[in-house]
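If you're matching them up, the sequences are chains A and B in order. Per the UniProt record's numbering, the very first residue in the first sequence carries number 1; after that it's consecutive. Per the UniProt record's numbering, the very first residue in the second sequence carries number 1; after that it's consecutive.
Careful: at least some of the hints might be erroneous.
Note: identical chains are not told apart, hence a pair may lie in one copy or across any two.
Unchecked claim - Dumping the calculated DSS-like pairs for lysine-lysine here, alpha-carbon to alpha-carbon at most 30 Å:
hint: 1; residue 1: Lys255; residue 2: Lys111
hint: 2; residue 1: Lys12; residue 2: Lys186
hint: 3; residue 1: Lys264; residue 2: Lys12
hint: 4; residue 1: Lys200; residue 2: Lys255
hint: 5; residue 1: Lys264; residue 2: Lys111
hint: 6; residue 1: Lys201; residue 2: Lys12
hint: 7; residue 1: Lys200; residue 2: Lys12
hint: 8; residue 1: Lys200; residue 2: Lys111
hint: 9; residue 1: Lys264; residue 2: Lys181
Worth flagging that the hints you see were computed from the coordinates, not collected in a lab. Predicted model, so just to flag it, every value in this text is computed and none were measured.
2 protein chains.
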Amino acid sequence: MANFAWSQRILKLLRQMNSFYLPGSCRTDCFRFEIDGAQVGWIPPHVAPLLTRYPEVFSPPQDGAVTLCPSLDSYERRSEGVDAILQTVRRECSLSSLEGWRDERYSVMPKFSDPPLMWMERAATCLFGVKRYGVHVNGYTVSDSGEVSMWLARRSATKQTYPGLLDNVAAGGLAADIGIKHTLLKECQEEACIPAAIAKKAHPVGTISYTYSNDEGVFAESQFLFDLELPLDFQPRVGDGEVQEFYLLPVDQVKELVATDDFKPNCALVVLDFLIRHSFIEPDSEPCYQELVAGLHQTLE
Amino acid sequence: MANFAWSQRILKLLRQMNSFYLPGSCRTDCFRFEIDGAQVGWIPPHVAPLLTRYPEVFSPPQDGAVTLCPSLDSYERRSEGVDAILQTVRRECSLSSLEGWRDERYSVMPKFSDPPLMWMERAATCLFGVKRYGVHVNGYTVSDSGEVSMWLARRSATKQTYPGLLDNVAAGGLAADIGIKHTLLKECQEEACIPAAIAKKAHPVGTISYTYSNDEGVFAESQFLFDLELPLDFQPRVGDGEVQEFYLLPVDQVKELVATDDFKPNCALVVLDFLIRHSFIEPDSEPCYQELVAGLHQTLE
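Go ahead and model the full structure; you've got the sequences and the hints to work with.
Okay, here's the thing in structure tokens:
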């Protein structure tokens, strides 16, 4: 049955998660972040002046672009040159994103299939609008009578980001030089105590992509999605403390929850994609069906 | 294993199918086609002068838009007013697209979830860049040992469009006022003699969207996709003569074929989406994985 209010809440979520594309976003005021003539991100207007104080690393803005100095001509030199500046900025400026410094290195490249041009501290990527990649796992069960339920995680109340909100059973960012399936196995083990013997049965089912901006910066993300049917007698358990509790919920209840503020927004999109692929949303009864699918795959040209 | 040549051929196909978005396309020269202030299409530069000869229906271009005259203030008046002009244009101008007149009415609206503002002859939609919707079915089998094969159709050599090319087991455009599942059941029966008792087991799995332009016009399309696992002892049969033959091919062979010119391009995208959702393409071995997914979901803002 069509549920107009549900559709409208989901469309609103998709607009929020793609706010960078909307008229009036900071996009028109951003500087392109270029390395060797190739764009790898968008630098928000409040960030550019902090960077161009360091002309030994960042060339002054020209034609709407901030570039790295040509002397930084290798992966290592670029990475270390930028990291040194970011360490200074972190000490001297109050940028809330850098307060979440994680010592996690993310690869920076124009497209995922391109060789990385440098690495960058994860917490700094939003200051450069550098594309981030991650892995999200839909953990679910199918009862003997065919009823589908999903395992959801409740994030720890002390997490830096989105504390206390609902999350996928396991998820994590893709660090430099680490494989996608490897990341999946690691996050399944660490976050949900799902052993590799089970987690390796997860199979890839696509990606979602979105770009939003806020006071901190530009968040351009793509997530690699996996489905993992969990045995009926298996229960995820709290692992590294990022999660406070796991719930097994009937898929109809999950469908209601993704349209609420109780869900971490990008995890709600992951579940939305699951609901569409598994026919829990049908095009004849959901008038916005095609818009929902399109909203899960917005990409920057 | 990564197959660089395959990836490159698929990326080229995705670029072709989204050529309207590329720099240098006719997009910058197109007029917006607007009804009641809402954009419903793009009119190519060679078409606009043919339409504005009829000021009783089309207002002269203004601010880059061609609009319907305000006197056409209802669904019926707009539909009949435009249809009368198109019948004249069809007789008096040599437009190859109108030679394919089908007497099939497509709905015209800004978004699928909006109420239709008029209907338009299917063959004319590309002259207005009006968004078209259709249904495509992935017919496949799973052997007792778990091997997946796909049923593909070879289009009749006498088809108006894409004669002799490979196609999905069943597909069809969505006519005005006809439901999506209804269209699926009809096309399964007519094109492939798949009875409703089997076809109704098809389940929706998402959409693909793309926009290309060529000498004929602008083709903005979204397809509603369904997976249909066919019984091992069932064979599709040639129905209405749109197909000359059906083949059951191992999925590996299908994967090779989608990267060849032997496939009708949009049907190749349907199969690509199937291959991704069913993990026949894996992100760790396909560097362009995320680009492939994104290329299947390009939409006009």
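Evaluated hints:
1. With identical chains, the CA atoms of Lys255 and Lys111 are at most 30 Å apart between copies only, with a shortest distance of 23 Å across copies and 32 Å within one.
2. Taking CA atoms no more than 30 Å apart as the test, Lys12 paired with Lys186 passes in neither setting, with 33 Å inside one copy and 35 Å between copies.
3. In this assembly of identical chains, the alpha carbons of Lys264 and Lys12 lie at most 30 Å apart only when taken from the same copy (14 Å versus 36 Å across copies).
4. Proximity of Lys200 and Lys255 under a CA criterion of 30 Å is satisfied in both settings, with 26 Å inside one chain copy and 24 Å between copies.
5. In this assembly of identical chains, the alpha carbons of Lys264 and Lys111 lie at most 30 Å apart whether taken from the same copy (26 Å) or from different copies (28 Å).
6. For the identical chains of this complex, Lys201 and Lys12 are neighbours neither inside a copy (34 Å) nor across copies (32 Å), given an alpha-carbon limit of 30 Å.
7. For the identical chains of this complex, Lys200 and Lys12 are neighbours neither inside a copy (35 Å) nor across copies (33 Å), given an alpha-carbon limit of 30 Å.
8. When the C-alpha separation of Lys200 and Lys111 is checked against a cutoff of 30 Å, the pair qualifies only within one copy, where the shortest distance is 27 Å, while the shortest distance between copies is 40 Å.
9. When the C-alpha separation of Lys264 and Lys181 is checked against a cutoff of 30 Å, the pair qualifies only within one copy, where the shortest distance is 23 Å, while the shortest distance between copies is 33 Å.
Checked against the numbered hints given earlier, the structure breaks hints 2, 6 and 7 and satisfies all the rest.
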